[in-house]
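Q: Sequence:
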Amino acid sequence: MNNNNPSCNFGCLPPEYSSYKNSDIVILPVPFDKTSSWIKGSAKGPRAIINASGNMELYDIETASEVYKKGIHTSKEIVSDNSLEMINKVQRNVGKLLSDGKFAVVLGGEHTVLLGSVKAHAEHFNNMSILHLDAHSDMRDSYEGDKYSHACVMARAKEMTGNIVSVGIRSMDSSELKNIDKKKIFYASAIRESEGWIKKVVRKLSKNVYVTIDLDVFDPSIMPSTGTPEPGGLGWYEVIDLLEHVSESKDIIGFDVAELCPNKNNAAPDFLAAKLIYKLLSFKFA
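Numbering (this note's numbering), first residue to last: 1 to 286.
Do not rely on the hints blindly, as some may be mistaken.
[As the list claims (entries may be wrong)] Think about it this way: if two alpha-carbon atoms lie no more than 30 angstroms apart in a straight line, the pair counts; the simulated DSS-like pairs of lysine-lysine are:
id : residue 1 : residue 2
1  : K178      : K250
2  : K178      : K21
3  : K70       : K34
4  : K89       : K200
[As the list claims (entries may be wrong)] What follows is a set of in silico ranges between Cβ atoms, one per label pair, in the way DEER data are often shown:
id : residue 1 : residue 2 : range
5  : K264      : M160      : 30 to 40 angstroms
6  : K183      : H245      : 15 to 25 angstroms
7  : S142      : P14       : 20 to 30 angstroms
8  : D100      : N265      : 25 to 35 angstroms
9  : S194      : D251      : 23 to 33 angstroms
10 : S221      : E248      : 24 to 34 angstroms
11 : K264      : K182      : 39 to 49 angstroms
Rather than coming from a laboratory, the hints here were simulated on the basis of the structure. Small disclaimer: the values here were computed from a predicted structure and weren't measured. Ideal Cβ placement from N, Cα and C applies to all residues, glycine included.
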C-alpha cells in the first residue's frame, strides 16, 4: 500500500471495515504530552502512527490473517492539557468501548495515557495483570512534585492492579527499588543472557493481560524517535516473539502504545509503531 492522506484512519480502511458498528477493534488516539521531561513531541505520535499505518500491507505473514476484516475503527482524539482530566476522559471512553464489546487500543502521547485505560480494564476484568514493556521502570512515587508524571506511571498503575511484569528495563532511580518486585522485572541486559526468558515472563502473568508499550523499550537503532531514548534496548523480533507467546498462552484484553516523538526526516519509527500495533492485533484475533 502507499498512502499519504493526513486524514486517513488506522490502516486507511474503507467504511466497511472502519465504521464503529462494523468494528471489533477501536483505536483511541490521546495526543497528551504534558509531563515529558526531555524530548517533547509525543502529542504528535498518534497522528504519525495512523498516517504511517496507511502504508502497511494488511496481510500478516506469521498468522496468515487479515485482522482488518474484524473492523478497526479510529475514534476521535481525546484532548486535554491536564493529567487527571485526561486520565478520567480515557477511563470513561475505554469503559464505554468495553461495555460495547470492543477491543480498545490507546495511542499516546506520553505514557501517562495508560492510567485511564488500566482503570477501565480493571473495572471490567478480574485476575488482570500488566505486561509492561519499557526502557524505564517508571516506579517513582512522584517526579518534580507530580505524582502523575510519566516517570511515575507504573507506580500509579500498581495501585490499580498489583501484578505488573516489566520487560526491557535498563534505567531507573534508586528510589524506585522499593516499589519493584524483583521477581517480576526482566532487565534488558539479563534478557540477552537468557534463552528461556520469554517462558519466564509468561509464567508471571495472570490469565487476563493488559499490555502497555513504551516505544523506548526498543533499541534506539530501530526506534530513535522517543522522548527518552536509552541504549541497549530490545530488537523487533525479541518484542514480537514475546507478544506472540503471551497471546498464545494468555488472554490479551487491551493495550496501549506510547511515547513516539515523530521526526519529519525519519518515518521508519512511525511505521514500526503502526506495524507493532497491527502485529499485536493479528496475534490477538488470528
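Q: Now look at each hint and say whether the structure bears it out.
A: Each hint, compared with the structure:
Note on K178 and K250: the hinted pairing holds, with a Cα-Cα distance of about 29 angstroms set against a maximum of 30 angstroms. As the CA atoms of K178 and K21 are separated by approximately 46 angstroms, the hinted pair breaks the 30 angstroms bound. Under the criterion of a C-alpha separation no larger than 30 angstroms, the hint pairing K70 with K34 is inconsistent with the structure, at around 34 angstroms. Between K89 and K200 the CA atoms are separated by roughly 35 angstroms; this puts the pair beyond 30 angstroms, and the hint is violated.
Distance hint for K264 and M160: a CB-CB separation of about 36 angstroms, consistent with the stated range 30 to 40 angstroms. Hint check: K183 to H245, Cβ distance near 19 angstroms, so the stated range 15 to 25 angstroms holds. Distance hint check for S142 and P14: the Cβ-Cβ separation is about 47 angstroms, which falls outside the suggested range of 20 to 30 angstroms. At about 40 angstroms, the CB distance of D100 to N265 disagrees with the hint of 25 to 35 angstroms.
S194 and D251 have their C-beta atoms about 26 angstroms apart, which keeps the hinted 23 to 33 angstroms range intact. S221 and E248 have their C-beta atoms about 28 angstroms apart, which keeps the hinted 24 to 34 angstroms range intact. Range check, K264 to K182: about 41 angstroms between beta-carbon atoms, so the 39 to 49 angstroms window is met.
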